[in-house]
Amino acid sequence: MANLEQEMRTELVFHPMDQFIVKPLFGDGPVHWYTPTNVTLWMAVAIAAIFFMLVIGTRGRAVVPSRAQSIAELAYGFIHKMVEDVAGKDALKFFPYIFTLFLFIVFSNFLGLLPRSFTTTSHVAVTATLAMLVFVTVTVVGFVKNGAGFLSLFWVSSAPLALRPVLAIIEIISYFVRPVSHSIRLAGNMMAGHAVMKVFAAFAPLILLSGVGIAVTPLSIIAIAAMYGLEVLVAFIQAYVFTILTCVYLRDALHPAH
Amino acid sequence: MASETQNTAHAVADAAHGAAQAAHKGGMPQLDFTSYPNQIFWLLVALVVIYWLLSRIALPRIEAVLADRQGTIAGDIAAAEDFKRKAEEAEAAYEKALADARAQAQKIAGETRAEIQKDLDAAIAKADAEIAARSAESEKRIAEIRDGALAAVDQVAKDTAGEIVAALGGKADASAVGAAVDARLKG
Amino acid sequence: MEGNIVQMGAYIGAGLACMGMGGSAIGVGNVAGNFLSGALRNPSAAAGQTATLFIGIAFAEALGIFSFLVALLLMFAV
Numbered sequence: 001m002a003n004l005e006q007e008m009r010t011e012l013v014f015h016p017m018d019q020f021i022v023k024p025l026f027g028d029g030p031v032h033w034y035t036p037t038n039v040t041l042w043m044a045v046a047i048a049a050i051f052f053m054l055v056i057g058t059r060g061r062a063v064v065p066s067r068a069q070s071i072a073e074l075a076y077g078f079i080h081k082m083v084e085d086v087a088g089k090d091a092l093k094f095f096p097y098i099f100t101l102f103l104f105i106v107f108s109n110f111l112g113l114l115p116r117s118f119t120t121t122s123h124v125a126v127t128a129t130l131a132m133l134v135f136v137t138v139t140v141v142g143f144v145k146n147g148a149g150f151l152s153l154f155w156v157s158s159a160p161l162a163l164r165p166v167l168a169i170i171e172i173i174s175y176f177v178r179p180v181s182h183s184i185r186l187a188g189n190m191m192a193g194h195a196v197m198k199v200f201a202a203f204a205p206l207i208l209l210s211g212v213g214i215a216v217t218p219l220s221i222i223a224i225a226a227m228y229g230l231e232v233l234v235a236f237i238q239a240y241v242f243t244i245l246t247c248v249y250l251r252d253a254l255h256p257a258h
Numbered sequence: 001m002a003s004e005t006q007n008t009a010h011a012v013a014d015a016a017h018g019a020a021q022a023a024h025k026g027g028m029p030q031l032d033f034t035s036y037p038n039q040i041f042w043l044l045v046a047l048v049v050i051y052w053l054l055s056r057i058a059l060p061r062i063e064a065v066l067a068d069r070q071g072t073i074a075g076d077i078a079a080a081e082d083f084k085r086k087a088e089e090a091e092a093a094y095e096k097a098l099a100d101a102r103a104q105a106q107k108i109a110g111e112t113r114a115e116i117q118k119d120l121d122a123a124i125a126k127a128d129a130e131i132a133a134r135s136a137e138s139e140k141r142i143a144e145i146r147d148g149a150l151a152a153v154d155q156v157a158k159d160t161a162g163e164i165v166a167a168l169g170g171k172a173d174a175s176a177v178g179a180a181v182d183a184r185l186k187g
Numbered sequence: 001m002e003g004n005i006v007q008m009g010a011y012i013g014a015g016l017a018c019m020g021m022g023g024s025a026i027g028v029g030n031v032a033g034n035f036l037s038g039a040l041r042n043p044s045a046a047a048g049q050t051a052t053l054f055i056g057i058a059f060a061e062a063l064g065i066f067s068f069l070v071a072l073l074l075m076f077a078v
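Chains as they are written, first to last, in my numbering: chain B, 1 to 258; chain C, 1 to 187; chain L, 1 to 78.
Derived from the structure by calculation, the hints contain no laboratory data. The beta carbon of each residue, even a glycine, is placed where N, CA and C say it ideally should be. Do not rely on the hints blindly, as some may be mistaken.
Stated by the list, open to error - Taking beta-carbon pairs under 10 Å as the criterion, some of the chain C residues facing chain L (in silico):
| hint | residue |
| --- | --- |
| 1 | Gly27 |
| 2 | Leu31 |
| 3 | Thr34 |
| 4 | Leu44 |
Stated by the list, open to error - Interface residues of chain L toward chain B, partial, derived using beta-carbon atoms under 10 Å:
| hint | residue |
| --- | --- |
| 5 | Met8 |
| 6 | Tyr11 |
| 7 | Gly13 |
| 8 | Ile65 |
Please model the complete structure; the sequences and the hints are all you need to start from.
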């Protein structure tokens with residue numbers, strides 16, 4: 001009996017991070033910068049999804065929209081209103097850029113929720129690039145628009161004079177920490193949720209190994225379902241938060257006065 | 001039971017072992033810097049493609065559709081406004097016609113009433129005059145009759161008194177009887 | 001097993017780092033709860049402040065994510 005169990009027993013495998021490994025699509029060679037990898041594949045799927053929603057969906061140009069067209073219009077209106085409300089009317093010329101970021105992130109997040117898929121936004125490399133693009137754009141726009149007046153962002157004129165240098169140092173530090181928190185937030189959220197789901201999933205086959213599994217396996221499956229629901233919410237909220245923070249930073253660049 | 005717990009302990013130990021192995025193998029894929037150029041390159045490609053799709057095709061199209069819808073809605077609202085104005089005009093015209101008709105009717109009714117009133121007045125006046133004439137005549141005749149009756153009563157009284165005096169065996173002087181009767185009638 | 005003191009320390013540290021997530025959970029709860037109590041007092045103003053709510057939640061949550069990241073680094077990178 002013990003022998004049989006010993007034979008049937010495979011070990012529980014915990015590889016929560018394996019889903020994030022960047023692999024070449026073809027063969028098993030090294031990953032050069034141009035190698036088509038699973039990153040390429042899932043970014044292409046995201047582009048295809050965006051293409052279907054925003055180009056094929058709006059093909060009818062109907063005054064009374066079809067379902068796909070109204071989704072596209074809804075997304076457009078949502079981000080357009082966000083940019084206008086948060087960053088101001090003069091930020092609307094950055095709208096295509098912000099909409100690009102939002103669509104890329106939201107589609108990558110949701111596509112990453114498909115089983116066996118790869119979440120491109122769970123990689124710090126990707127989100128840090130996105131955040132650095134925003135950071136560089138915002139800084140350049142700030143200096144081009146306001147010249148040296150952009151530095152008044154760090155000089156809190158509403159504070160008492162003695163406090164201002166201290167506040168200026170804090171403001172400068174927080175300004176340079178922005179891209180870090182901006183990128184780590186997105187990557188960390190996606191990574192954490194997917195890793196937690198994988199950990200729960202690793203507990204699920206325990207019923208094949210031992211009697212404790214009768215209790216643990218259903219619990220872990222319920223937990224996976226609950227986490228999945230939460231992750232659906234997080235996938236959207238993180239895209240929303242990334243976009244709205246971009247708008248907030250852009251407002252600071254366009255109107256630096258506190 | 002003991003073997004079960006042992007097995008679980010085994011499994012957990014194996015899991016820890018596996019994790020340790022994974023840690024040994026390469027750690028977090030996110031910190032594998034050799035894959036960074038690849039990811040960043042493909043990310044930039046993806047962003048450029050999405051940006052191109054949006055700015056060249058999708059956004060102008062959606063903007064056009066939204067503007068079109070705005071135009072259609074504005075046009076529809078204007079048309080509706082127009083129709084409403086027309087309806088209001090028609091209603092005003094109807095009201096005016098109604099008021100005119102009512103005034104006309106009022107006027108005709110007034111005229112008719114005045115005419116009738118005039119006829120009526122004339123008839124009443126004529127009837128009044130007739131009645132007055134008749135009643136005057138009647139009064140005159142009544143007065144005559146009353147006078148006649150009074151005279152007759154006088155005469156009858158005198159005659160009766162003369163007859164009574166004669167019947168009683170007296171010799172009645174007509175003038176004395178007359179004076180006496182007059183005195184008594186007066187008293 | 002022997003000679004794995006470093007790994008043991010790393011795992012203990014990872015567990016300790018996860019306590020930071022509790023702090024960010026309190027922070028997020030604070031933000032959401034205060035928003036809700038404010039929204040119930042003045043529901044008409046609530047709709048305009050959802051963006052602020054999400055920004056606040058994002059800032060509070062980022063610190064929890066940082067502690068999670070420290071845990072992951074200890075688990076897999078040290």
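Status of the hints after comparison with the structure:
A distance limit of 10 Å between C-beta atoms decides the matter here; for Gly27(C) the minimum to chain L is near 4 Å, and the interface restraint holds. With a least beta-carbon distance of about 6 Å to chain L, the hint placing Leu31(C) at the interface is held under the 10 Å criterion. Interface hint status for Thr34(C): violated, as the beta-carbon distance to the closest one in chain L is roughly 15 Å, over 10 Å. Checking Leu44(C) against chain L: minimum C-beta separation of about 25 Å lies over 10 Å; hint violated.
Nearest Cβ of chain B to the Cβ of Met8(L): about 18 Å, over the 10 Å cut. The hint is violated. Interface restraint check: Tyr11(L) against chain B, minimum CB-CB distance 13 Å, threshold 10 Å, status violated. Look at Gly13(L): its Cβ only gets to about 18 Å from chain B, farther than 10 Å, so that hint breaks. Annotation: Ile65(L) was flagged as interfacial toward chain B, and the flag holds, the nearest CB pair being 4 Å apart, inside 10 Å.
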